[in-house]
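Asks: For reference, the chains in residue letters:
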Amino acid sequence: MAGSFFKGRFLSLFDYKTEKYIVAKNKKVGVLYRLIQLSIIGYIIGWVFVSKKGYQETDEAIQSSIITKLKGVSVTNTTESGLLVWGPEDYVIPPQGEAVLFVVTNFLETPNQKLGYCAESLKVLDGHCREDDDCEEGKMVTAGNGIRSGRCLRKDENSTGTCEIYGWCPIERKFKPKGPLLTNAENFTIYIKNFINFPKFTFSKSNVFETTDDSYLRKCRFDEELHPYCPIFRLGDITRRAGYNFQDMATFGASIGIMIEWYCDLDKGGSHCHPQYHFTRLDISVSKQTIAAGFNFRHTRYFRNAAGESYRSLFKVYGIRFNIMVHGEAGKFSIIPTLINVGSGLALMGAGAFFCDMVLLYLMKKGDSYRERKFEGSKSKKSTSEEDSVEDRKGATEQDNLTF
Amino acid sequence: MAGSFFKGRFLSLFDYKTEKYIVAKNKKVGVLYRLIQLSIIGYIIGWVFVSKKGYQETDEAIQSSIITKLKGVSVTNTTESGLLVWGPEDYVIPPQGEAVLFVVTNFLETPNQKLGYCAESLKVLDGHCREDDDCEEGKMVTAGNGIRSGRCLRKDENSTGTCEIYGWCPIERKFKPKGPLLTNAENFTIYIKNFINFPKFTFSKSNVFETTDDSYLRKCRFDEELHPYCPIFRLGDITRRAGYNFQDMATFGASIGIMIEWYCDLDKGGSHCHPQYHFTRLDISVSKQTIAAGFNFRHTRYFRNAAGESYRSLFKVYGIRFNIMVHGEAGKFSIIPTLINVGSGLALMGAGAFFCDMVLLYLMKKGDSYRERKFEGSKSKKSTSEEDSVEDRKGATEQDNLTF
Amino acid sequence: MAGSFFKGRFLSLFDYKTEKYIVAKNKKVGVLYRLIQLSIIGYIIGWVFVSKKGYQETDEAIQSSIITKLKGVSVTNTTESGLLVWGPEDYVIPPQGEAVLFVVTNFLETPNQKLGYCAESLKVLDGHCREDDDCEEGKMVTAGNGIRSGRCLRKDENSTGTCEIYGWCPIERKFKPKGPLLTNAENFTIYIKNFINFPKFTFSKSNVFETTDDSYLRKCRFDEELHPYCPIFRLGDITRRAGYNFQDMATFGASIGIMIEWYCDLDKGGSHCHPQYHFTRLDISVSKQTIAAGFNFRHTRYFRNAAGESYRSLFKVYGIRFNIMVHGEAGKFSIIPTLINVGSGLALMGAGAFFCDMVLLYLMKKGDSYRERKFEGSKSKKSTSEEDSVEDRKGATEQDNLTF
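Protein chains in written order, with this note's numbering: chain Z, 2 to 405; chain P, 2 to 405; chain E, 2 to 405.
These are computed hints drawn from the structure, not numbers from a lab. One thing to keep in mind: the hints can contain errors.
Note that the list lumps identical chains together, so a pair holds whenever it fits in one copy or between two copies.
Straight-line alpha carbon distances no greater than 30 angstroms define the calculated BS3-like cross-link-like pairs of lysine-lysine that follow [unchecked claim]:
#	residue 1	residue 2
1	Lys28	Lys201
2	Lys124	Lys140
3	Lys269	Lys366
4	Lys317	Lys28
5	Lys53	Lys333
6	Lys124	Lys72
Just need the whole structure built from these sequences, with the hints factored in.
Replies: If you want it as structure tokens, here you go:
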């Protein structure tokens, strides 16, 4: 018997074993189970695959290179600087066409600064003084413009004055911008060249129309319908799309984010993958009231006079900083996420069956009869299912003593 | 009966219930099922785990810092600028060693520009005029160099001229580069220092060989085999690896992407995680014909003469822009992705079984006999199944009215 | 029979079919199985959902924009440059407040360089010579400062000299920094304005306290408890938090990484999502001994004398480069990852059951009896398990001939 038994076991390796089901002729649960099956299948197909593209492997590590170039000229006329003509080489900082660039729209020049002695600005709290002892020699003025000389400069004995400092004099005057000086800045155009690459799929694309006609880029303007691949924008349009008026921002400066989004379904092929441009203001949040708004900084130009002495022009420039961010995601069919999603979906069917069992066994009448048929008792074999179930109930008790 | 029954139900909590299988002595389906099982196991082990490292949690949010430094000198001799010696402080823009840097290879200087009146360039279409009325005073020239003075400058009555403008004069002359002026740029060397960090695994590494020998970095050159941790490259080699000739690009400028890739299997330990360098040209795509190629921009140097009047030198520089991008992914064993993959794989076995059932029941002869055995109830057990099933079918109908 | 059979098949579409289980009254395996179930449920709930937030869809593609501004003044006094006052416009490079900025802490000026002839530096190995023939005219000096004139400059016949070069003379002198010159740099403050955006969830936030009180940002200092939304740091504090002494780094320069981390559980709402600041040194790794440490570069200021001849000041600046990196991840409940995790967990229960079956059938006494009951033979019903198994073994052979 044992031998033949092992033979059977060996042969049975290639027998197909399939679960034995019992049929519960209960239309309610039956329909319920079918519904669960349908909803799970619907979820897998509709949601996971159609809507979320769960069959795709995605690459979010987009590589991109950006080159920018501005065009346009503006003229300013101020008492300090006189009549000035501003070209891109002047108003774009830095000039080398990077992804983060600053366009001057307003400025204050403090020309002919020389190193020497003068009074600290009244704005600097730490610079105030009532007597010379308040201005310890050689001590820096916190958030000020120089080093104290030791003297306190006052109109008269009683008034509060400011310490004399050694620094670049004359110091910058107080400046409350009334309006942008580079009034024409709104009409400047920016050319944004973006080249992206999805390393995982070795797919790369540019946002510039591929043509041999050199004049194309000189004439065209971006237009979502007509010229989606002519990435030349008027600054005024950019701010308008961001929801702000250029002139308002130009006075105190601002920060604009230009987001280029590449969502590529590479199963459809690269030609279906287009850049999307979004423009948002970055220096103020929805609740407009914030102190963080505006953007300005200072830079200098150094000169030497005939005697070789240094003097400089200090520029406090307000303007709009453009921050070009590229963001994208490419998806392509891959077997792994597909199987993961299918697998987990199927597993949920098991959960559905489990749920239906609970309903069948505990909520339905005749649940117990189903119980008896579903859970076949311990010593069944030699008996018909009739006695079987009877014995079961006995067996449940006695066997606890029998089996070890 | 009820009591013992509940007792049984309680005790049965710790009974082990296992599906009842029926053995279908059908070698065909049996083998089929085994094959499915094997292929699923093969897929899980071979593909998911070995090839795709599905047992790893990955960190793609690589943090990196890059410092660059160039070495080399070149000499140029032009009519405008005379004999010039270019060092890194001149030809690297910006000079502070960033990840995006520009190396001048060709330039046109327009020296001694002063603010004043001169004729607009003929290149600027908007500047053309036939009479003074075409040059409205105070109006900007679109994409031009200044503001109209109101006069139209022409050779004679009949010819087309250009408007006189107020701007930086003389304006830049038309310039078609014949060849790169910084001929030696090809031999410049760039030192790329990259430091990366995978925050999720708090793993960080540098691409520079760790040694105390100061002269190492002065002498070595990058070599994948010999010196993989000497990140010093000759510009000519970089462009060659990118598949282009340096001199060709140097004339009109170009944009080169240097990708440093860090793929780290941290289960093997950090010492197995090496930087990979890839070089690609970023300004032209595969189909070489494009207008977007080339790269140039303008920058200025401002001077003051003895009288304090400003004048400037305008440089139009062509060159190669290097865009160093770091991209990487670290993987480390994690229980979650492992279980997700195993789990979904097992779920697929269920799918396989389901498929085999279909084959068995609907494609095989004797399928019906298997049906009856697999689905116990309706017409199965010879013993009581007759009445059973009858009752059932009655029950199926009456129950719909009875139960609630 | 057939008719009723097909009728049955049709009806059976809405019959609920549930696996038939056999009850193995084996407490050992029963408890084992329950334990497995519990541990899997525990893993799903505790690990996946509570600890790893496996029910969330995450967005790692954080978009961020950074604006920086420094405040502070320092005075230096050197033989070459005399008494100089350094403001942010001088010591911050580039001045336009970017995410990667360099603060000068030490410098060497080489003033009044003119293009002309002088001896190459002794540091440059390629410049050494014993006779004029070693200095081929017009040949560059590798890693040197100019082009050879053809003459070898030596003290006397026997000594080794250096080639005469045409370049910017006098060339920079050998410089070993003794200590930082901008001693006050430690007290400079940096204001870091960061604005982030998670495109997937269209959630954006800033690290600056939203108030209308302009003086807030002028007075406050960052403090994790008191002022977490006042992003103003003293440079000395930053280096201290990074674990280094400012003065040590200031001499030869260094590179500091400022990481701003945004981990947002958007299920809790945006107000629970705060920036975390981390400071690390980027130019040296844990094993302090490396040649890559330090950071310096050269930049120039160009001048013209009355005769219009160019001369320049060459600045070799050492300093600390701050590299502000933003890194973050937002998570929000999503049905897909939830179901994937639940599904795979359930699939694991199947694995648990499989494991328990193995135990039951192969490790337990009476395993074979369970076998026979679990795997019901082909024509079992009316027979006892004895004959059953016998018939099986016959059937196994004959059937292969019977079924097609």
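Asks: Could you run down the list of hints and mark each one as holding or not?
Replies: Here's how the hints hold up against the structure:
1. Taking the shortest alpha-carbon separations for lysine 28 and lysine 201, neither the intra-copy value of 51 angstroms nor the inter-copy value of 44 angstroms comes in at or below 30 angstroms.
2. In this homomeric assembly, lysine 124 and lysine 140 come within 30 angstroms of each other (Cα to Cα) only inside a single copy, at 18 angstroms, whereas the closest approach across copies is 40 angstroms.
3. For the identical chains of this complex, lysine 269 and lysine 366 are neighbours neither inside a copy (54 angstroms) nor across copies (44 angstroms), given an alpha-carbon limit of 30 angstroms.
4. Taking identical chains as interchangeable, the C-alpha atoms of lysine 317 and lysine 28 are never at most 30 angstroms apart, the minima being 81 angstroms within one chain and 84 angstroms between chains.
5. For a Cα distance limit of 30 angstroms, the shortest separation of lysine 53 from lysine 333 qualifies both inside one copy, at 12 angstroms, and across copies, at 15 angstroms.
6. With identical chains, the CA atoms of lysine 124 and lysine 72 are at most 30 angstroms apart between copies only, with a shortest distance of 14 angstroms across copies and 38 angstroms within one.
Hints 1, 3 and 4 from the earlier list are contradicted by this structure; the remaining hints agree with it.
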